[in-house]
Structures are given as structure tokens and as C-alpha cells.
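Engineer: In case you want the letters, here they are:
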Amino acid sequence: MKSFFETHIWPKRSKLYRLVYLWVRDRALAEDMIQNVFEKSFQKEKELSIHPNLSGWLVKSLKNEVLMHYRSSKKLDALDGIEEVQADEPVNEEVKESVRKVMILLKDLPLKQQEIFQLREVEGMTYEEIADYLEVSIEQVKVNLHRARTKIREKMIALKERG
Amino acid sequence: MKERIEELLEKYWEGETTLLEEKELKTLLNSQSEFQEEKSLFGLLESYGQEEPEKVFIPKTKIRKLDSRWLSWAASVAIFTASFVGWRAYEQKQQEQQAYEEVMQAFALIQSNMAKGQEQMQVMNEIKYLNTTNQMFGTVKE
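Protein sequence lines, in the order shown, are assigned to chains L and S.
With my numbering applied, the first sequence corresponds to residues 1 to 163, in that order.
With my numbering applied, the second sequence corresponds to residues 164 to 305, in that order.
The shape of chain L in the complex, shown without the other chains (with noise of 0.2 Å):
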């Protein structure tokens, strides 16, 4: 019999990656993450399996792993958040030249619409599940939503002006 992690925590582990690697933008460092999170709720399976809302659950931990991370390493006061620390571009030379792009056009962003335009248009998620996944209101996503996607429309027009 499968496992509770196995059927549960395991098949969320390319979105949570995904939203990692927007955080840090750090393929190993994102993976890291995700190993030690994954151990933690392993250990605690029990527990996460009465959870009203793992995935919420998860992306906390994610975030409190990365800033603990970041920390600890002293790029980071205890005070400041993920945005201080985000590079505009990938860390690691060898990105997918998609990933690479996905990344300069997000980075003016505010993290709160970077996190909510990527749930919303790579993933593919409603806005309960954003809602759920983000811990913030329905309204909150709607809102920064449309925010993040006219920041998006402005740039493209000014690419295209461009040239």
C-alpha cells in the first residue's frame, strides 16, 4: 500500500518546485528545498493527514525553509523577506532559454503577483486553489491577478514598441 506521502505530498512536487525556483531562482537550491520539506512531512504524515490544507501548508513550510536558508547564510536579516534576496535572473548558467525569459518578465513584479500570475498561468489553477495553496483571499488573488497581467500587457507593448 502506498503511503500517505506517496499518494499526496509526492505528485505536488513539480508545482511546489516550480514555485520555489520562482523564490530563489536556483535549480539546486530549490531542490534542496524540496528535499528537506518532503522529509519533515514525511516524518510527520500522520499529522498532515487530518490537515485541512496541506498544500497551504506546504508552501509555508517551503517559504520558512528558504528564508531560514537565506538566514543562516546572513544574506538576510530577520526581518526581510524573500523579495530582498530574489535575483532578477536565474542563479544557475544552464536555464532553459524559456525559463530564463519567464523570469526577466516576471521580476518588476511585487513576489505576492509574481507567485499568483505563475500559479494562475503555468499551473493552471482556479482561484480557490490559489487562495488555498497562497493562504490569502479569493478577492486578493483576483486583484493581483489583474495587477500582474496589466504589468505584463505594459511590458509586452513596450517590447513591441521596441522592436
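Hints are computed from structural coordinates only; laboratory data are not their basis.
Please note: incorrect hints may appear among the correct ones.
[As the list claims (entries may be wrong)] On the chain S side, residues computed to face chain L include the following (Cβ under 7 Å):
1) Trp176
2) Glu200
3) Leu208
4) Ser210
5) Glu214
6) Glu215
7) Val219
8) Pro222
Where is the CB? At the ideal position from N, CA and C, for every residue including glycine.
Starting from the known structure of chain L, fit chain S onto it as the hints suggest.
Structural biologist: Same frame as chain L, but now just chain S:
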């Protein structure tokens, strides 16, 4: 079809499309030669969506955390038990040794008393040189 695309795009940028409409929009765009920018944007996002983690694996075993407090308790109990058992074994050995010595001493005592008794019997040994009872008691005159 173009009008439908433009309508959907407008809705899209306003953030009012449903997931279903977004899917429809992307499908429609694929069959169009125009709308290059939008097509390339959606193409990029789709390609990014195929990025997968490579070095992530299912954790193998549950790591049991040993409580160090209990561990030190267990260790002291083990040491205590071991020394008690060891001490008991030593005691027993000592007792066996003592008993053995006592027995040997008793044997030695018996042995020496036996020797004394045998010495007393030496006289009897000489009797065998006398050949008759008359000789022994001197009742026959020669």
C-alpha cells in the same frame, strides 16, 4: 474567429477570463498566424511549466530520533546492571574457591590421621615373621 480571440484577449488582460476561456483562447491562438506576442508569451509560460525537479526523491525510512535524556538513563542502568552481574559472578567464584580449599583441607586432615593410624598398625606387620602360635606365645620348649 479573430473577433472571438480579441474578445477573449481583452477579457484576459482585464483578469476576467475563466480557466475554460483561457484554454479556449490558447487553442484558438495556435491556429492563428497573427497575435505573435501573445502566442510567444503563452508558449514561454507553457515551456516553463514543463520544468521538473530532478534531484528530489521520496524519503526512505523514518529516522527515529533518540531522546538523549532517555539514552543517558538507559546507559546508566546498563552500566549498573553490568557491574552488579560482574560483582555477583566474582563473588560466586570466590565462594567456590573457598569451598574447594576447605574440602581439600579436610581431605588433608583425613589423610594425615590415616597415616598415623597406619603407623600404629606397623607392629602387626612384624607378626607375620613368627611362624607358629607356639613360637609366638613361647609355650613349646625346644
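Engineer: Does each hint fit the structure? Answer for all of them.
Structural biologist: Hints and how they fare:
Against a cut-off of 7 Å between C-beta atoms, the interface hint on S:Trp176 holds, since the closest Cβ of chain L lies about 5 Å away. Using the Cβ-Cβ criterion of 7 Å, the hint placing S:Glu200 at the interface with chain L is satisfied: the shortest such distance is roughly 5 Å. Nearest Cβ of chain L to the Cβ of S:Leu208: about 5 Å, under the 7 Å cut. The hint holds. For S:Ser210, the interface hint holds, the least distance from its beta-carbon to any beta-carbon of chain L being 4 Å, beneath 7 Å.
Annotation: S:Glu214 was flagged as interfacial toward chain L, and the flag holds, the nearest CB pair being 6 Å apart, inside 7 Å. A hinted interface residue such as S:Glu215 counts as satisfied when its beta carbon comes closer than 7 Å to some beta carbon of chain L; here the least separation is about 5 Å, so the hint holds. Hint status for S:Val219 relative to chain L: holds, with the closest Cβ pair at about 5 Å, below 7 Å. Residue-level restraint check for S:Pro222 holds (minimum Cβ-Cβ distance to chain L is 4 Å; threshold 7 Å).
Consistency note: the structure conflicts with none of the earlier hints.
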